[in-house]
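With chain A held as given, fit chains B and C onto it using these hints.
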Amino acid sequence: MSLVQGARRRSPWILHFDTGSCNGCDLEVWALLTPRYDVERFGAVNKANPKHADILLITGPVTKKCEDRLRNLYEQTSGPKLVVACGDCASTGAPFHNCYNVCGGVDKVIPVDVYVPGCAARPEALIDGLVLALSLWEKRMEEEG
Amino acid sequence: MTTEEGQSDRSDAIDVRQRFKGFLDAGSRFIALVVRESEDGMFELIYTFDQGGKVADFRFSIPLDREVDSVADIYPGAMTAEREAVDLFGVRFKGVRPGLFLVEGKSPPEPLRKRQIGGKGGDVPG
Amino acid sequence: MTSLARATVIPFGPQHAAFLEPLNVRLVLEEEKVVGAELNQGYNHRGMEYALSLDYKKSQYLCERVCGICSYHHSSCYCQGLEALYGVEVPMRARLIRTIMMECQRLTSHLLALGHIAEAVGYENLFMQCFRERELIMTLVNRLSGNRVHYSMNVIGGVKRDIGPEQVKDVEVTMKEVRPRLEELQRVFRRDSTLGKRTHGVGRFPRPAAEGWGTVGPVSRASGIPRDIRQDGFAAYSEVRFTPIVREEADVYARMMVRMDECLQSVDIIEECLPLLPDGPAAVQVKGHPTGEAFSRVEAPRGELMYYIRAKGALELDRIKLRTPALMNVPALLAMLPGCQLADVPGIVVSVDPCICCTDR
Numbered sequence: 201m202s203l204v205q206g207a208r209r210r211s212p213w214i215l216h217f218d219t220g221s222c223n224g225c226d227l228e229v230w231a232l233l234t235p236r237y238d239v240e241r242f243g244a245v246n247k248a249n250p251k252h253a254d255i256l257l258i259t260g261p262v263t264k265k266c267e268d269r270l271r272n273l274y275e276q277t278s279g280p281k282l283v284v285a286c287g288d289c290a291s292t293g294a295p296f297h298n299c300y301n302v303c304g305g306v307d308k309v310i311p312v313d314v315y316v317p318g319c320a321a322r323p324e325a326l327i328d329g330l331v332l333a334l335s336l337w338e339k340r341m342e343e344e345g
Numbered sequence: 032m033t034t035e036e037g038q039s040d041r042s043d044a045i046d047v048r049q050r051f052k053g054f055l056d057a058g059s060r061f062i063a064l065v066v067r068e069s070e071d072g073m074f075e076l077i078y079t080f081d082q083g084g085k086v087a088d089f090r091f092s093i094p095l096d097r098e099v100d101s102v103a104d105i106y107p108g109a110m111t112a113e114r115e116a117v118d119l120f121g122v123r124f125k126g127v128r129p130g131l132f133l134v135e136g137k138s139p140p141e142p143l144r145k146r147q148i149g150g151k152g153g154d155v156p157g
Numbered sequence: 014m015t016s017l018a019r020a021t022v023i024p025f026g027p028q029h030a031a032f033l034e035p036l037n038v039r040l041v042l043e044e045e046k047v048v049g050a051e052l053n054q055g056y057n058h059r060g061m062e063y064a065l066s067l068d069y070k071k072s073q074y075l076c077e078r079v080c081g082i083c084s085y086h087h088s089s090c091y092c093q094g095l096e097a098l099y100g101v102e103v104p105m106r107a108r109l110i111r112t113i114m115m116e117c118q119r120l121t122s123h124l125l126a127l128g129h130i131a132e133a134v135g136y137e138n139l140f141m142q143c144f145r146e147r148e149l150i151m152t153l154v155n156r157l158s159g160n161r162v163h164y165s166m167n168v169i170g171g172v173k174r175d176i177g178p179e180q181v182k183d184v185e186v187t188m189k190e191v192r193p194r195l196e197e198l199q200r201v202f203r204r205d206s207t208l209g210k211r212t213h214g215v216g217r218f219p220r221p222a223a224e225g226w227g228t229v230g231p232v233s234r235a236s237g238i239p240r241d242i243r244q245d246g247f248a249a250y251s252e253v254r255f256t257p258i259v260r261e262e263a264d265v266y267a268r269m270m271v272r273m274d275e276c277l278q279s280v281d282i283i284e285e286c287l288p289l290l291p292d293g294p295a296a297v298q299v300k301g302h303p304t305g306e307a308f309s310r311v312e313a314p315r316g317e318l319m320y321y322i323r324a325k326g327a328l329e330l331d332r333i334k335l336r337t338p339a340l341m342n343v344p345a346l347l348a349m350l351p352g353c354q355l356a357d358v359p360g361i362v363v364s365v366d367p368c369i370c371c372t373d374r
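Chains as they are written, first to last, in my numbering: chain A, 201 to 345; chain B, 32 to 157; chain C, 14 to 374.
Just chain A, with the same shape it has in the complex (with noise of 0.2 Å):
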């Protein structure tokens, strides 16, 4: 194991965006920053900066408006990264499926590595993906060397 990716698993880095959820999955994703729950155990900080992070937690079903904009920040964090689809409407799209300005879920518009599911997506439930996706992530990286 190299000096960079040992120093890499103590800090997975992640990186919020909702794109047009109603908040509630946010306020979870919130709530997780935050002493309650804090995960800031297992190394993880919140950087809006998407060159800085190696976990993607998207919120909310993608708005025609917000399809680009997460397809540019997919494109600007740098590999081995993870996406992580906070809640239903992430996952599925749902309940906002066939609302006329939504393409979806998250999965239409960039991979995504682990549902989450719940509306709103419980803290706890996040946790677990989110340590989900670290082991997923660890595996990433000895793939890559």
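Hints may be right or wrong, so weigh each one.
Said to hold, decoys possible - List time: in silico SDA-like cross-link candidates among lysine to any residue, alpha-carbon distance up to 25 Å:
no., chain 1, residue 1, chain 2, residue 2
1, B, K145, C, S66
2, C, K189, C, R220
3, C, K189, C, T152
4, A, K281, A, C303
5, A, K281, A, V312
6, A, K247, C, I23
7, C, K173, C, H29
8, B, K52, C, D281
9, B, K137, A, T292
10, C, K189, C, D281
11, A, K308, A, P280
12, A, K247, C, N37
13, B, K125, B, I93
14, B, K137, A, D268
15, C, K46, B, P107
16, A, K251, A, D307
17, C, K182, C, G159
18, A, K281, C, H29
19, C, K71, C, G326
20, B, K137, A, C303
21, B, K137, B, G121
22, A, K281, A, V204
23, B, K85, C, R220
24, C, K71, A, V204
25, A, K251, C, R145
26, C, K210, C, L42
27, C, K71, A, A294
28, A, K247, C, R145
29, B, K52, C, G237
30, B, K52, C, E224
To be verified - Covered stretches of chain B (in silico footprint by chain C; criterion: 3 or more residues with CB under 8 Å from a CB of chain C, positions within the stretch not fixed):
no., segment
31, 53-62
32, 127-135
What the hints assert, rightly or not - FRET-style restraints, in silico, Cβ to Cβ:
no., chain 1, residue 1, chain 2, residue 2, range
33, A, S278, C, G301, 58 to 64 Å
34, A, W213, B, E70, 52 to 58 Å
35, C, V41, A, V245, 30 to 36 Å
36, A, G206, C, G135, 27 to 33 Å
37, B, K52, C, K210, 38 to 44 Å
38, A, D268, C, E51, 16 to 22 Å
The set of hints was computed from the structure by calculation and includes no laboratory data.
Using N, Cα and C, we set each Cβ at its ideal position, and we do this for glycine too.
Same frame as chain A, now just chains B and C:
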């Protein structure tokens, strides 16, 4: 009671700016501009105001292609309401540009109109 | 006049550390001073007015998904409108339960906004503290409704989830626990000198401007306008003593303090409601499809929320229009931002508590 039937004024050709100013001068507060497409193919515009704790409004109907005077210069708070009507219904306001909510070329145009793609007359999901 | 400084344009958002949600502000700067601002919204426009009009029965759940921060206010406002169309009188018990839950949600929303302001001016510790106290309320509403964000307690005609005697006790105990913590927060917000330096006199929005832009809620109350729909006594607000909290400074500090004081007021209202809970049913049945039109208003955490509902005696609604408070408050940024320093922009933007999912729907 929360649902108030205040005074309501129904007329067709009407000087919007003057009526709007009249309500403001009487101490009312503008709440919202409601647009709906009536059964006979006209736009009905409902300007609602808070009048001492009650909802009062004045409303009028116009043909689909009629241009309406904007009130944004006398009341800046009405600007978003007008831009919203331009986007969602295609109501024409003098000097008001579209593009508040919708992205040209991607979102369906005038989505809340009846018999539009994505509109109510179209493919309604079960 | 010539100036050495050339105007620079800085895009602020849609994805930015200070924002929970996507909003884009295009700032025109001369050196560090903001000389112009332009708002670009619509990132969150999903088409809720179309979706809500498809089936009025399903919409009583869907309307909570307009906004997760004030979800219960949305569903209360919607149900209130349809109850008016049906002409039914909602039982007192249901009205009190709605009032209690609305005030709980106001607490969570205001603590979020306060934490957000603290974070935007760089006071991370206070942000964490606000969220710590907020979790007390979040777990309380979780015990009451089974959900943390979307309570799903309303039906047309009342509430479908009653509050039992032991839950009343639970609310009482939690409020007792929350009050001293909120008082401590209030002391910090009021007296902290660093926070004061970043908020006093910043983002001035005097009363005439507030009247012209039609702002509502804490933003206008911080500009000296004593306007609060709770005075009109929807739900059970007619049963409790209520005077709106008004401040005159009209800056970020005033907007922050109005929210802080309203948190304690919410605790007062909840405590006043609890002993009033009468026995009896929590909902009445409604029959048939509604017809007619109704305006329904409630005071959401961000201000006056209005639903215009026009029903035509079918499952489909003819028109439903939502006037959310953020729709009026967010454009007012155009009046607050010019003249301020670039470093103050996040604080000012956050001080109006921009809820983009409400603004764009």
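Margin query: Name the hints, by number, that the structure is in violation of.
Written below: 2, 7, 8, 24 and 25
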